[in-house]
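Peer 1: Next come the chains, spelled out residue by residue.
Protein chains: 2
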Amino acid sequence: MNILIVLAHPDRASFNHALAAAAAQASRGQGHAVVLHDLYAEAFDPILPAGEFSKKARLEPSLCRYCDELAAADGIVVIHPNWWGQPPAILKGWVDRVVRPGVAYAFEEGDSGEGVPVGLLRARTALVLNTSNTPAPREQQVFGDPLESIWKRCVFDLCGVKDVRRRTYSVVATSTPEMRRRWLADAVDLVSSAFPPGAGAPGMPR
Amino acid sequence: MNILIVLAHPDRASFNHALAAAAAQASRGQGHAVVLHDLYAEAFDPILPAGEFSKKARLEPSLCRYCDELAAADGIVVIHPNWWGQPPAILKGWVDRVVRPGVAYAFEEGDSGEGVPVGLLRARTALVLNTSNTPAPREQQVFGDPLESIWKRCVFDLCGVKDVRRRTYSVVATSTPEMRRRWLADAVDLVSSAFPPGAGAPGMPR
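So the sequence lines, in the order shown, correspond to chains W and Z. Heads up, the first sequence is in my numbering, so the first residue is 65 and it goes up one at a time. Heads up, the second sequence is in my numbering, so the first residue is 65 and it goes up one at a time.
Hints in this document: simulated from the structure, not taken from any laboratory. Among the clues, some could well be false.
Since copy identity is lost for identical chains, a pair holds within one copy or between any two.
Said to hold, decoys possible - Computed cross-link-like contacts, DMTMM-like style, restricted to lysine to aspartate or glutamate with a CA-CA straight-line distance of at most 25 angstroms: (1) Lys119 x Asp75; (2) Lys120 x Asp75; (3) Lys119 x Glu212; (4) Lys216 x Asp102; (5) Lys119 x Glu173.
With the hints as constraints, model all of the structure from the sequences given.
Peer 2: Here it is, written out as structure tokens:
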């Protein structure tokens, strides 16, 4: 399988980075090929210009590479902190620019853009790993945990990825080294069970 | 009143821009002072660096200005398209960087960052104007409309802005000039009733 890992956190010493390294290692341990994008380290430009709206827009080569890798992924892992119930802006911009028409979804012929698109991604399973400084009950009750709808319903389901698994590790700010070790082990288990060895997309090549 | 309008859309000919112009005109018509930030036109940098996490971080002057204007606002209007149940990345980054500790919220003394912050904004009312190409029932039922929680619960309520009003104009892609005229008139009504003449924050100056 091709596993695409997308990471968004500004601090290389962050627990998010540790999660990404663990996810990459676990994926490789299952025999998969891994592409890991550390969006901050790559200085990804998150600003969608008006000229990229159209499905037929001519994209800069660096953006094409991100799109090609998303299209080629058999499994996707997204890793980011919960900032305001949303991903950091740099990752939001990856969604805005890379998860684009013709790559991740398409409208039916003759649609004016108001219809129901068809998902195009070959990945069947995505894993979302979040960190947070808000205890889980408060996230649910006070904030409504919009990240759950954002990733499962707004992004992945629309693009045809129906099996979306999500875990939030919290509270990071007050966590002990032992808690973080357990969380990393949990992330490895999640990756290993989401993307088992030899489990390419059914009927490959597609 | 000081009315802060924050706009995020890449196309200057967009209906979002028309909404922002109408909101500014309506606010001025009520006798208010208006600051309008067209984040795309200003090339706002949405990337929060690790060095800005701390409440005591030294900020670049251009960012300080955004923060000062937010702190000085008696009323806030946010205008953006619904992209993936979220604001465009450039506006998400405005939240990440400008809606910051010491400006918009504060933790109690001795808190390690996991506690319940106190809202600091002087604005009592915010208005969120969205555009969408998804019909309202589908937004609610299929996507769960995360923007509702994002703005009302995750952002504004946490910062002390308790009266948050939101309108989504859809479907823009198939709208007629007559529909857009009605939507603009509706936006003017919303602004006028949210920020009536002579309605500064109670007990000013604070």
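Peer 1: Could you figure out if lysine 119 and aspartate 75 sit no more than 25 angstroms apart (CA to CA) within one copy, between two copies, both or neither?
Peer 2: The answer is between: 16 angstroms across copies meets 25 angstroms, while 34 angstroms in one copy does not.
Peer 1: Could you place lysine 120 and aspartate 75 in one of the four classes (within, between, both, neither) given a Cα distance threshold of 25 angstroms?
Peer 2: between (36 angstroms within a copy, 17 angstroms between copies)
Peer 1: If the cut is 25 angstroms between Cα atoms, do lysine 216 and aspartate 102 qualify within a copy, between copies, both or neither?
Peer 2: within (22 angstroms within a copy, 31 angstroms between copies)
Peer 1: As a check of your reading, is lysine 119 near glutamate 173 (CA-CA no more than 25 angstroms) within one copy, between copies, both or neither?
Peer 2: Only inside one copy: lysine 119 and glutamate 173 sit 12 angstroms apart there, 51 angstroms across copies, limit 25 angstroms.
Peer 1: Within a copy, between copies, both or neither: where do lysine 119 and glutamate 212 come within 25 angstroms Cα-Cα?
Peer 2: neither (28 angstroms within a copy, 29 angstroms between copies)
Violated hints amount to a single one, hint 3; each of the other numbered hints is respected by the structure.
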